[in-house]
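Asks: The task is simple: from the sequences and hints, build the whole structure.
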Amino acid sequence: MMPTRLPHVLIARLDNAGDVLLAGPAVRAVAAGARRVTFLAGPAGGAAAELLPGVDEVAVFDAPWSGYEPPPVDPAAVEGLVARVRALGVDEAVMLTSFHQSPLPLALLLRLAGVGRLAAASVDYPGSLLDVRHRVPEGLHEVERACSIVGAFGHRLPAGDDGRLALRHPLPRWRPFDEPYVVVHPGASVPARAWDLARNRALVEALVAGGRRVAVSGTGSEQALTRAVAGPPRAGVVDLGGRTDLAGLAGVLEGADALVCGNTGPAHLAAAVGTPVVSIFAPVVPAAQWAPWGVPVALLGDQAIACAGCRARVCPLPGQPCLGGVQVGEVVAALDALLGAPPEGPLGPPPQRSRLETGAAR
116 MMPTRLPHVL IARLDNAGDV LLAGPAVRAV AAGARRVTFL AGPAGGAAAE
166 LLPGVDEVAV FDAPWSGYEP PPVDPAAVEG LVARVRALGV DEAVMLTSFH
216 QSPLPLALLL RLAGVGRLAA ASVDYPGSLL DVRHRVPEGL HEVERACSIV
266 GAFGHRLPAG DDGRLALRHP LPRWRPFDEP YVVVHPGASV PARAWDLARN
316 RALVEALVAG GRRVAVSGTG SEQALTRAVA GPPRAGVVDL GGRTDLAGLA
366 GVLEGADALV CGNTGPAHLA AAVGTPVVSI FAPVVPAAQW APWGVPVALL
416 GDQAIACAGC RARVCPLPGQ PCLGGVQVGE VVAALDALLG APPEGPLGPP
466 PQRSRLETGA AR
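Residue numbering for the sequence shown follows the numbering used here, beginning at 116 and increasing consecutively.
Derived by calculation from the structure, the hints in this document are not laboratory data. The model shown is predicted, which means the values in this text are computed figures rather than measured ones. Ideal Cβ placement from N, Cα and C applies to all residues, glycine included. Since no wrong hints were added, every one of them can be taken at face value.
Taking CB as the label site, the calculated pair distances span: (1) E172 - G231: 18 to 28 Å; (2) G204 - R349: 51 to 61 Å; (3) A350 - D277: 36 to 46 Å; (4) L227 - G389: 34 to 44 Å; (5) A192 - G434: 35 to 45 Å.
Replies: Next up, the structure:
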């Protein structure tokens with residue numbers, strides 16, 4: 116009897132970089148039983164998809180039903196996606212979504228592209244759009260949710276895979292210091308998920324005063340924020356705002372002792388390189404479903420506040436009470452609990468700028 120040919124599987128996750136990184140174990144489960152894996156990402160997730168082991172190629176589609184600022188429906192873009200998927204010869208597709216998202220708009224387009232078998236979790240009746248309509252148990256972490264969806268389609272992690280997040284290697288070996296350091300990432304794509312600027316700045320000052328070196332990270336659009344948080348150039352602090360792409364930031368985080376940030380994508384990037392996280396976590400979504408996965412985590416913020424689960428983009432309450440009570444001393448103590456006391460002695464000079472810009476190895 117001739118062996119059955121392994122399928123070309125498309126995996127879709129149309130959200131931000133962090134969401135894509137959390138899909139990593141599910142991707143590896145699919146890749147273990149597929150001849151080829153195409154990852155369909157949104158514009159904000161494409162770079163993360165490129166870093167996932169098991170992905171052979173990445174396609175990007177700006178879906179009008181997804182994202183914080185979705186584009187208008189563009190017939191040419193929709194037709195282009197259908198044509199591209201048809202040309203790829205995809206046999207099966209798995210659509211990964213969070214509990215509040217519907218996979219059905221994409222399922223319709225993939226049917227039009229000729230994909231033979233489709234699977235997703237769907238609360239809404241899918242008609243003939245899905246071959247496997249999975250019911251996910253409530254409260255699962257996003258990593259477990261994604262693995263549950265692909266598992267319903269027959270894909271399991273292979274023996275020896277520990278199910279943690281992972282990235283392709285080698286990564287750029289960006290090291291802002293030759294000595295141990297921590298990373299502070301003050302920004303977030305959703306303002307309600309970020310600790311305020313003044314406390315981030317005070318945290319950097321406290322860490323440096325306590326003997327730790329600090330790299331302040333951020334995207335190109337966050338350079339004013341990282342500059343304000345890092346403060347003036349001096350020994351023990353470097354401002355990396357806008358100076359790394361996603362892979363470069365992964366390299367910085369891989370060399371760090373820990374990351375301090377809100378519930379935002381870099382927390383999952385740190386987890387994917389095995390770096391502990393102090394998560395100042397705004398409970399706009401449940402920490403049980405979205406906290407960093409598979410690494411030591413210190414979770415700060417009022418997770419039991421009455422408005423938890425609000426999914427707000429901008430907190431409507433004065434002082435952002437879920438995070439407003441988090442004090443700088445608590446964050447320092449959480450770092451010390453994860454890492455032990457910082458080394459004693461004076462801090463050395465700041466790194467040479469050219470070394471950071473080139474990402475040279477140590």
